[in-house]
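The listed protein sequences derive, respectively, from chains A and B.
Counting along the first sequence from 1, when you hit position 43 you're at 42 in numbering that gives the first Met the number 0, and nothing is skipped either side.
Counting along the second sequence from 1, when you hit position 67 you're at 66 in numbering that gives the first Met the number 0, and nothing is skipped either side.
There may be inaccurate statements among the hints.
Which copy? The list can't say, so a pair holds if one copy fits it or any two copies do.
[Said to hold, decoys possible] The list that follows gives simulated cross-link-like pairs (lysine-lysine, DSBU-like), each with its CA atoms no further than 35 Å apart:
hint, residue 1, residue 2
1, K188, K20
2, K166, K83
3, K205, K297
4, K23, K139
5, K205, K85
6, K139, K192
7, K23, K188
8, K142, K199
9, K192, K20
10, K85, K192
11, K188, K205
Since the hints were made in silico from the structure, they are not lab data.
Read off the chains here:
2 protein chains.
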Amino acid sequence: MGKLLIVGSVAFDAIETPFGKTGKILGGAATFIGLAASQFKVKSAIVSVVGDDFPKSYLDLLEDRNIDISGIEIIKGGKTFYWKGKYHNDLNSRDTLVTELNTLANFNPIVPNGFMDADVVMLGNLHPNIQMSVINQMEKRPKLTILDTMNYWMDNTWDELMAVIQKIDVIAINDAEARQMTQEYSLVKAAAKIQEMGPKYVVIKKGEHGALLFHEEHIFFAPALPLEEVFDPTGAGDTFAGGFSGYLAEARNISFENMKNAIIQGSNLASFCVERFGTERMLELQRHEVENRLMQFKELTQFNIELN
Amino acid sequence: MGKLLIVGSVAFDAIETPFGKTGKILGGAATFIGLAASQFKVKSAIVSVVGDDFPKSYLDLLEDRNIDISGIEIIKGGKTFYWKGKYHNDLNSRDTLVTELNTLANFNPIVPNGFMDADVVMLGNLHPNIQMSVINQMEKRPKLTILDTMNYWMDNTWDELMAVIQKIDVIAINDAEARQMTQEYSLVKAAAKIQEMGPKYVVIKKGEHGALLFHEEHIFFAPALPLEEVFDPTGAGDTFAGGFSGYLAEARNISFENMKNAIIQGSNLASFCVERFGTERMLELQRHEVENRLMQFKELTQFNIELN
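Chain A with its partners taken away, still in its complex shape (with noise of 0.2 Å):
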């Protein structure tokens, strides 16, 4: 079985949006990664670190879902990371209200033994010598490193960043942070600025406008499927990744052609992410609604033009 390597937030999230607002409910970058992930045939682990405030309940639903948590460090007397924002009414912008790094600011990353040799390596975002700490620990250079990044590393750590995206094969970021990254509006341009800085595969995703992959010459798009409700928007970047990693991870199948699949895997998942609060649709979801949904995405893009 595949084995994919997943480093990021395990953590606290409050939202609110014009639906409602939750209080401090499980959340994190590793946690959606996880989660999606665990639609797949794959061992995963995560990499991250909580304080003892974190419930053990939160770190049972990981397990439960065939999670390793070994990797995740619990902290004596720590708290854990905590981030509470406020969407606007069409839900595309948000507030973030308050940003605690707690344990997250001095988080000493360790894989675990058994993953040393993982397949497929997820970055989340977090602090470049973090995501470099984890590619160095690896015993040989994994089939795929996927690397999420974000505009505050940018500003803060841009050598730090470049340095780690050497060392990377995918880099999956949004239309903004590309734009910022290569100061070109053209999202073309801006792809192929990224692949001379080192990953040869480069999505960029646009939210509800969906999500680009790029490589060489070869462009792939992939909607957002349309719903009657976005609910809350918090994880669905994520759970696309974890989608799109965890299928990769099953499949071993690093072509340009497969991680199309993936696109469309990750921008499924992320489609039911958006549905409820937090993780809360991701823990109930089930095998056939998965494929169900995978099935509009097929009536959602596939035509038959012929062609001579």
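Starting from the known structure of chain A, arrange chain B on it as the hints suggest.
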């Protein structure tokens, strides 16, 4: 051969983009629709009005493409509709600097003999009473009637617009207009409400974010082709409509499955339109370019996930 009747403006445009500016050049919704439709094997005619300031060479351009122009009235001493606009840096929004309706203000459309039995009628963005007049001149209900409109008519002639909408099959509007028309932010909900108003098919154009086709519980999505550079978006929506209606008039197959192909054909032609100012690119477009780019659309969207 399928017959396509096109109603809309034939006009002068003056355009400014970050890449340059033009003087008065050939423009108008019916012009772009006609040029796009001429890529298909159809007999098409334009119903419109111009002043005698309108160059014969422009009319010749249309006639050279086998477009029947006997329905383009030339008003002696009249001036042709003139629009001048300036695009913002991201090309997603623009300011209208000049709108002179001129001869279009008193436009009384006359459907030419030989087109009262058209298979497909494409009603470009005009006063709803003009659109209704054309509908009423048809000998029998066409196989398909497609309507474009805009926020101005929603604001000023709502009742007249609602009367027209009950008599058409497909409405093609942009996302902001769909939201204004229904007071629904979700495009899925907006499309459902619009179907209750009359048209069985709703096309929502999202510019650089593609186009959606809704029919009952079915949804199809076509992306815009990611381009290195969009040079001038003027006419892209009309070119899309021209490709959509031209393809359906040629095929004379109005199934949902075939409408998917029509959406792709429209998106494909629109991707050329934006590469140069105004009609420039469409006037020199070659068949093999159209087919090569259709292949790109396939690569961009088609995937191969096996489902049980």
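Do the hints match the structure? See the list:
1. Proximity of K188 and K20 under a CA criterion of 35 Å is satisfied inter-copy only: 24 Å between copies versus 39 Å inside one chain copy.
2. In this assembly of identical chains, the alpha carbons of K166 and K83 lie at most 35 Å apart only when taken from the same copy (32 Å versus 50 Å across copies).
3. For the identical chains of this complex, K205 and K297 are neighbours both inside a copy (20 Å) and across copies (20 Å), given an alpha-carbon limit of 35 Å.
4. Taking CA atoms no more than 35 Å apart as the test, K23 paired with K139 passes in neither setting, with 39 Å inside one copy and 63 Å between copies.
5. Proximity of K205 and K85 under a CA criterion of 35 Å is satisfied in both settings, with 20 Å inside one chain copy and 26 Å between copies.
6. Taking the shortest alpha-carbon separations for K139 and K192, only the intra-copy value of 27 Å comes in at or below 35 Å, while the best inter-copy value is 56 Å.
7. In this assembly of identical chains, the alpha carbons of K23 and K188 lie at most 35 Å apart only when taken from different copies (31 Å versus 41 Å within one copy).
8. Taking the closest pair of Cα atoms, K142 and K199 come within 35 Å of each other only inside a single copy of the chain (13 Å); across copies the shortest separation is 49 Å, beyond that limit.
9. Proximity of K192 to K20 under the C-alpha cut-off of 35 Å is restricted to the inter-copy arrangement: shortest distance 29 Å between copies versus 40 Å within a copy.
10. In this homomeric assembly, K85 and K192 come within 35 Å of each other (Cα to Cα) both inside a single copy, at 34 Å, and across copies, at 29 Å.
11. For the homomeric pair K188 and K205, the shortest alpha-carbon distances inside one copy (16 Å) and between copies (21 Å) are both at most 35 Å.
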